[in-house]
Amino acid sequence: MADIKVENVAKTFGTFTAVKGVNFTVDHGSFFVILGPSGCGKTTTLRMIAGLELPSAGRILLDGEDVTALPASARDIAFVFQLFALYPHMNVRQNIGFPLRCQNYPRAEIRRSVEEVAKLLRIDHLLERRVGGLSGGDRQRVALGRAIVRRPKAFLMDEPLGALDSEFRRLMCAELRELHDRIDATTVYITHDQLEAMAMADRIVIMNQGRVEQIGTPQEIYDRPNTMFVADFIGAPPMSFLDVQTSLRRGDRHIRIDGAPVEIPEVFEDRGEGKFALGVRPENVSFTDASPLRGRVIGAEYLGTTQIVTVTTANGQIKARLPSAKSVQVGESVGIELQPDRLSLFDVVSGQALPSALYRGGCRG
Amino acid sequence: MAEVSLVDVSKSFGPVEAVRGLSLSIADGEFVVLLGPTGAGKTTTLRLIAGLERPDQGNVIIQGRVVTDEVPAQRDVAFVFQQYSLYPHLTVYDNLAFPLRSPARRVNEDAVRRKVLQVAELLHIEHKLGNRATALSGGEMQRVAIGRALVRDPAVYLMDEPLSSLDAKLRAELRLELKRIQRELGTTILYVTHDQIEAMTMADRIGVMNDGVLIQLGTPREIYERPNSAYVASRLGTPAINLIPSELLGSSALPPQARTVGLRTEHIRISSQARSGPLARVHWVEHLGDQNHVHIKLADHSLVTLADPAQPLKAGDEVSLEFTDPLYFDQAGNRICAEEARGDP
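Residue numbers (my numbering), protein chains in the order written: chain A, 1 to 365; chain B, 1001 to 1345.
Read the hints as simulated data drawn from the structure, not as lab findings. Note that this is a predicted model, so its numbers are computed, not measured. Glycine residues also receive a C-beta, built at the ideal position from the N, C-alpha and C atoms. Misleading hints may appear alongside valid ones.
Unchecked claim - Taking lysine to any residue and the SDA-like style, the derived pairs with C-alpha atoms no more than 20 Å apart in a straight line are:
#1 A/Lys319 with B/Leu1170
#2 B/Lys1169 with B/Gln1118
#3 A/Lys319 with A/Asp258
#4 B/Lys1179 with A/Phe13
#5 B/Lys1314 with A/Ala199
#6 B/Lys1169 with A/Phe98
#7 B/Lys1314 with A/Gln219
#8 A/Lys119 with A/Ser135
#9 A/Lys119 with A/Phe98
#10 B/Lys1179 with B/Gln1118
#11 B/Lys1169 with A/Ser135
#12 A/Lys5 with A/Asp63
Said to hold, decoys possible - Beyond 10 Å from chain A on every Cβ pair, some chain B residues (computed):
#13 Thr1038
#14 Ser1102
#15 Ala1135
#16 Glu1177
Said to hold, decoys possible - Here are some chain A residues the structure puts well away from chain B; computed CB gaps all over 10 Å:
#17 Ser38
#18 Leu127
#19 Asp252
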C-alpha cells in the first residue's frame, strides 16, 4: 500500500474549471474521504488520481513516483464505482478472479487468491453461486472482492454506497472501514454524505467549487470549521449563526449580542468594526431562565433520545439539541446559554473563521 | 372521518407475500409515515392505495368510497416517486401546470396560474418558474416534483421516499419544509421511508412494517417510548437500543418471562467508582462529531451509549453501570408491558 500526494492539481474542461489547484496527501494506510456537494470537483479529482483524466496543471505522486502522465492501467490502483458492474453470466468465483485471469496468473494462484479474498469478505460460502441471485449486499461484496484481489497500491471509491438504501448504507460503511483496516489498505473515498464521511474517515478534505475548504480529522472539522461553508455543510442540523456587529481586539473574551454579554474563546487578532457571525453547534446550546440572551421557541423536532429546538432571536435563528425529557412549548420565551469554549467567530465577508483560543491560533489548516 | 382506509389487504407476487392482512386508517389532515426496511411491503401498500396494484384480498376505501376496483385515474390520489420525473423540455411553470392542464380536468388558465404561483411560493421556487427543469439543482427538481403533486387537491398524497436521493443537508431542509406545507395546507399524506429521522420528525403517526405486516402504529413518542416488540424498539433511536440477554443483569427483580432487556442510551448511567451495578469495561470511544459513542463490554456483549462530554472515559476503563427504565421482552420478542414488569430493580 502506498501514500498519494496531490500537488497543485487543476483541471479545466473547455471554459469550465472543475478543480482549481488542490493539494493534499493521503498517508499510507489511511482512509481518506473527499467530501463536498455535487459539482465541487471531487469526482474529477479522484479520476485524476486514477488516471482517467489528465490534470491541466500540477502533479500526482504515488509512493513518491510521479504518475501524472501514466495511464490508469499502469498505476496499480483499483477503482470501485457507484454502480457495481458484475458479469451476470459468471459465478462469484469467476467474477472475483476475473482481473487475475486477464493478467494470466497461474490457475492455482488465482484459486488461492480468490478463496482468500472471499474469506476476508465472508462470502466464501457463495463462491459457486451465480451473481444474479445474490442480495444487494453480497453483490457489493463481490464487486469489492474483484477490486481487492489484485492487491493494488490504493483503492479509489466513487460513492460506492450511493445506490443503496440508507440503513444498509450504514451497515456497509462499518464493513468497508473494517475491511480497510484488515487489509491495511490506502483508500480514497468520495461522498456527498457527511454522515458517511464522519463515520469512516481518518481524514476528510472538504471541497467546494473546485477548491479545498478544509482538511482534517472528522472531529477537527466538526469542532473547528475553518469556514462558514464547512460549518454549514457538516453537522445535522448544521451550525447556527448569530449576526454580530462589533469590533474585536486581541485578547477579547466577550462580545455583546443584542446587548447581552456572551463569553467566547479568546480572540487572537485585532479586527475593526464589522459584521461577524457567531457559530454554535446545537449540542452547545442550552436554556437557562436567567440568561439575558433571549429567544422565542418556534419549533421542536422530536428525535427520541434528543430533540432539536429552533429558537428565533433578534440576531438570527439558533438550533439547540436538548434531551427529549425537557419540555418545551412553541411560542415560549427562553434564555439561551452558549457553551463558551465551543464557539466560532467568522468574518461574514470572507467566510473565514477568526483565529481564537478554540482554533489555537492557527486555523488555516 | 377517515380519509383513506385499508381493510385487511393482502398482496402476493408469486410466492412472495408482500403485504399480509394490513388494516390502516388515515384521518383527514393526518401525516402517516410507514417505516421499515427494504422489502417490508411499504411501497406495495402505497401502490395498492394508488391503484397501481390490485389487492388479492381486502378493500381500499378513499373518502368513504370503496375504490378497490377503480383504476388510478378514478381514485383521488397524487403520487410522488423517489426519482423525480420532470419534463425536461418544459419550464418549471409548465411542469407545475401540467397536471392541471390534463384534458380530464379542464381547469382554466387563470386558475392554473393562481395555483401554480401559490404552490411555487409555498415551495420557495417562485424565482425559478421560468427556468427549464433541467437547469435546476437536485433539491429544486425534487421540490418541483412535490409541487406537481401539490397543485392538485387530492384526497391523499402518496409519497415514496421522495427525499432519499438528496444529500443529507438538503434532505433535512426539505423534511422541515414538507412538514410545514402539510401543516399549512392541512393535507393528508401517507409517506414511505426507511429513514427513522424522517419518520420521527414528520409523522403524526408512524406505522412500523416488516415482512408485509404492520407491526405497530402510533405517535413517534409512543413508538419510541413504548415499542410493542424488540423489533420496533430496534428500528428507532441513534445509537440503536441495546438488546442484551436478561441473565446478564443478574438481578432477581426482572419480570419472570423476560428474556431480553432493552436499554436505550438515555437509560444507561456510567459511574467510574464501583457501585452496585454490573461491572463493564470501556472498549472504545467513537467520535462522530455531534455525538461521542462509548462502546462498552458487559461480559461478552457490546453496549453502545452516548458519552457524556463531562465524563472523561477512555478505552480500558472499568466502570459500573446503572439502568433506569429498561424495556423487557419475552422469548418471542414481545414487550412485557409495564404493569406486569412492576418491581424493577
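Taking only the CA atoms, is the gap from B/Lys1179 to A/Phe13 under or equal to 20 Å?
Between B/Lys1179 and A/Phe13 the Cα gap is close to 41 Å, so the pair fails against 20 Å, i.e. violated.
(Q) Just want to verify: B/Ala1135 was marked as not at the interface with chain A; is every Cβ pair farther apart than 10 Å? (A) B/Ala1135 clear of chain A: closest Cβ-Cβ about 13 Å, beyond 10 Å.
Grab the minimum beta-carbon distance between B/Ser1102 and chain A and tell me whether it stays above 10 Å. holds (33 Å)
Discussion item. Hint check: A/Lys119 vs A/Ser135, CA-CA at most 20 Å. Holds or violated?
Written reply: Satisfied, since the Cα-Cα distance of roughly 18 Å is no more than 20 Å.
Query - Straight-line alpha-carbon gap B/Lys1314 to A/Gln219, limit 20 Å - result: holds (16 Å)
Please verify whether A/Lys5 and A/Asp63 have alpha carbons no more than 20 Å apart. With a Cα-Cα distance of about 8 Å, the restraint between A/Lys5 and A/Asp63 holds, given a limit of 20 Å.
Can the restraint linking A/Lys119 and A/Phe98 be considered satisfied, given a maximum Cα separation of 20 Å? At roughly 17 Å apart (the allowed maximum being 20 Å), A/Phe98 and A/Lys119 satisfy the hint.
**Asked** Between B/Lys1169 and B/Gln1118, does the CA-CA distance stay at or below 20 Å?
**Response** Between B/Lys1169 and B/Gln1118 the Cα gap is close to 25 Å, so the pair fails against 20 Å, i.e. violated.
**Asked** Does B/Gln1118 lie within 20 Å of B/Lys1179 when you go C-alpha to C-alpha?
**Response** Given pair B/Lys1179, B/Gln1118 holds - Cα atoms ~17 Å apart, limit 20 Å.
Just want to verify: A/Leu127 was marked as not at the interface with chain B; is every Cβ pair farther apart than 10 Å?
Holds, since 25 Å exceeds 10 Å.
Between A/Lys319 and A/Asp258, does the CA-CA distance stay at or below 20 Å? Holds, because 18 Å separates the two Cα atoms, which is no more than 20 Å.
Q. Would the pair A/Lys319 and B/Leu1170 pass a check requiring their Cα atoms to be no farther apart than 20 Å?
A. holds (17 Å)
In summary, the numbered hints that this structure violates are 2, 4, 6, 11, 13, 17.
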